[in-house]
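**Q** Given the structure of chain X, go ahead and fit chain L onto it with the hints provided.
These protein sequence lines are chains X and L, in that order. Sequential numbering of the first sequence, starting at 1, is according to this note's numbering. Sequential numbering of the second sequence, starting at 1, is according to this note's numbering.
For the record, the hints were derived by calculation from the structure and aren't laboratory data. Worth double-checking, as some hints may not be accurate.
[Stated by the list, open to error] To give an idea of the chain L side of the interface with chain X (calculated C-beta under 10 Å), a few residues:
(1) 58
(2) 76
(3) 79
(4) 82
(5) 95
(6) 100
(7) 101
(8) 110
(9) 112
(10) 115
(11) 122
(12) 123
(13) 168
(14) 178
Note that beta-carbon positions come from the ideal geometry of N, C-alpha and C, so glycine has one too.
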Amino acid sequence: MSKSAQRFLMVLWILGLASPLVFVGVQFDDRTRDLVAVFRKDRLVFLVRDLPALCMKHAATLGILVIIAATLYLTARWFQRSTWAARQASLVSKNRIVVGVVALFGFTVLPCFLSDKYLGLAIFTGIYMLLAMGLNLTVGMTGLLVLGYAGFYAIGAYTFGIMYLRWGVPFYVAILPAMITGAIVGVLVGLPSIRLRGDYLAIVTLGFGETVRFLLKNLSDITDGDRGIVISSAAKIPRLAHSPLFPYSKSGEQIAYYLVFGLLLLSLWLVRNLVNSRIGRAWIAIREDETAARAMGINTVRMKVIAFMLSAIWAAVAGVIYVAREGYVEPEVFRFDESVLIVSMVILGGMGSGPGPILGAAVLYLVPQVLRDEFPALLDYRLMIFGVVMIGMMIFRPQGLLGSVRRKIELETTS
Amino acid sequence: MNGAATNGTILETRGLSRRFGGLKAINDVTLTVCTGQIFSIIGPNGAGKTTLFNCLTGFYAPTDGEIYFEGDNVAGLRPDRITERGIARTFQNVRLFGEMTALENVMVAQHCRTRAGVLSSLLGVPSAAREERAAAQTAMDELHFVGLDEKADFWARNLAYGEQRRLEIARALATKPKLLLLDEPAAGMNPAETRELMELIHKIRGRGITVLLIEHDMRVVMGISDRIAVLDHGEKIAEGTPTEVRNDPRVIEAYLGKDEGERMKREGGRRRDEG
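Bound conformation, chain X alone (with noise of 0.2 Å):
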């Protein structure tokens, strides 16, 4: 590991270390009993008996993983074009066309048996996917710690919200704007900020992150301030019940799944070609050696500005989607909490892998919420089980759970 990269992960285990710490010295009180209560024997033993029914239970959250898993699987070997061999092969394996036809059969039909919870759950798991993977451009690829990404995020839910305030516009049309004004903010904040490494990089955006908070707070007379913005049901995606398309359909929020689940695609399509390709390979030189990267003849401030502006751009389209399905905006949502979320995501799931930040956005978006349904205790310790695993992350696989897919090229091209 290099030794930026080792850097890095120290400020990540400090913030691992002092988010539990933190929560410890503000909750410590008699909601600890609650927490004690849960790991009784007798609590433990119903939950061994009873799993296979609680299996049942989480049916939708089971399938929405297993699918996740398929997709993960085909975007894994996806990243492997970049060997020599692939490169020469550029065969499609008959392997990988049966599982994308089934991963996708799979994600077209599941908002058809899901109940509005659920498929509430897996429109939120897809725009948190979309944020883990345009974090994963800077934080993963070109390795620069972006602690205020929330704040792009929120440029692209106020550019929607500002529109329709003023002028009324409906999310479709936002969407482009957003992405201008989220690549404008990008490059604004990259410019300057890109001079600094590491750690002094994170305090910048971390500073950028919260600046966007108090700007939405404090200017009223444009963002109407913390009362936030409502936005009509006209302007949001737009509800489907009960129409021939979806015999089956018991809810009106296909729209917005298949809406979010059409942009994962594209954004994983995407990504693919940025991995392989010159700029992709940029990112990662300037991850791995600056110096040497820059002897390469690589112009590593217009490509980490590259970097910042499609990151902004990804956050962007994902706060306009997020805008236009809850119908609702406020600064409050874009707190440091949500930017270090998203990192850990990114973290968990593997910096600079393709399919890595998918999973830890499933993992860190969806356990927390069956953890809520089934064992509400430990809603208020979530921060702290969150801490500990990010700590027991830290030791015993820092490169996340899918950092090594890159590296699993030679294993399986050399054997």
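**A** Just chain L now, with coordinates in the frame of chain X:
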């Protein structure tokens, strides 16, 4: 060997100086490298050789003086601009991109020779895909040139030390340089690897690339150089063919110390008298 195609000057420094505070890392160095030469720079540790390389490749802006590459003053340009103009380098301590395959390492180096922009890279348009295939082919050719084509899909960090050194050379060659700067390429190599390296440097020159070499291994330097410049305490104390440099008393003094140098100078003089 000395008569190698010397049809013009490719690199010229005039009064090149670089100071770090009070330290004169290099002071008033004037060099002329002709096209097609293998030009070596030698000198004791701390003589300013690597600083000179860093000035030539844009990592340090010279405090004073000019660097003319193919007639243009390139002093103070950014490293990537200089690489684009055709000066490539390797590093004294190997600096590969560890988490990339050997092939990808060499493909990175074609960055400034390829043109795909953000949008065409994102969308993987046919022209970008064509460029990508061509880049992979070129990278493979360079790997073949240094004898690493078998290792194309290995992670750079998992290669043996000698292989890493060669990969660094392949990577530098992939930037399509006119002038290649090698910073102690033989360091840490065994005699067999050193021999291979010397052959490789000849092959590089055979491609019409001028080679500027920093090297401590005197067998390498004396064996392949057309011209040698000697730096000591940041100043050029001698320049000439290997034979001239070998017999230069100031060089001997710099390497072996003053007393030894004076003894040899006296002996040299006596021998001339006797002759």
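**Q** Could you run down the list of hints and mark each one as holding or not?
**A** Against the structure, the hints:
1. The beta carbon of residue 58/L is positioned within 10 Å of a beta carbon in chain X (closest approach about 8 Å), and the interface hint is therefore held.
2. Violation of the interface hint for residue 76/L is found here, the shortest Cβ-Cβ separation to chain X being roughly 15 Å, above the 10 Å cut-off.
3. Interface restraint check: residue 79/L against chain X, minimum CB-CB distance 4 Å, threshold 10 Å, status holds.
4. Taken as an interface hint, residue 82/L checks out: its beta carbon lies about 8 Å from the nearest beta carbon of chain X, inside 10 Å.
5. Taking 10 Å as the C-beta cut-off, the interface hint given for residue 95/L holds, the closest approach to chain X being about 4 Å.
6. Interface hint status for residue 100/L: upheld, as the beta-carbon distance to the closest one in chain X is roughly 6 Å, under 10 Å.
7. Because the closest C-beta pair between residue 101/L and chain X is about 7 Å apart, less than 10 Å, the hint holds.
8. Interface restraint check: residue 110/L against chain X, minimum CB-CB distance 7 Å, threshold 10 Å, status holds.
9. Hint status for residue 112/L relative to chain X: holds, with the closest Cβ pair at about 3 Å, below 10 Å.
10. Taking 10 Å as the C-beta contact cut-off toward chain X, the hint placing residue 115/L at the interface holds, the least distance being around 8 Å.
11. At a threshold of 10 Å, the smallest CB-CB gap from residue 122/L to chain X is about 5 Å, leaving the interface hint in force.
12. Taking 10 Å as the C-beta cut-off, the interface hint given for residue 123/L holds, the closest approach to chain X being about 7 Å.
13. Contact between residue 168/L and chain X, as hinted, is supported at the beta carbon level, the nearest pair being about 9 Å apart and thus within 10 Å.
14. Residue-level restraint check for residue 178/L is violated (minimum Cβ-Cβ distance to chain X is 13 Å; threshold 10 Å).
Taken one by one, the earlier hints fail for this structure at numbers 2, 14, listed in ascending order.
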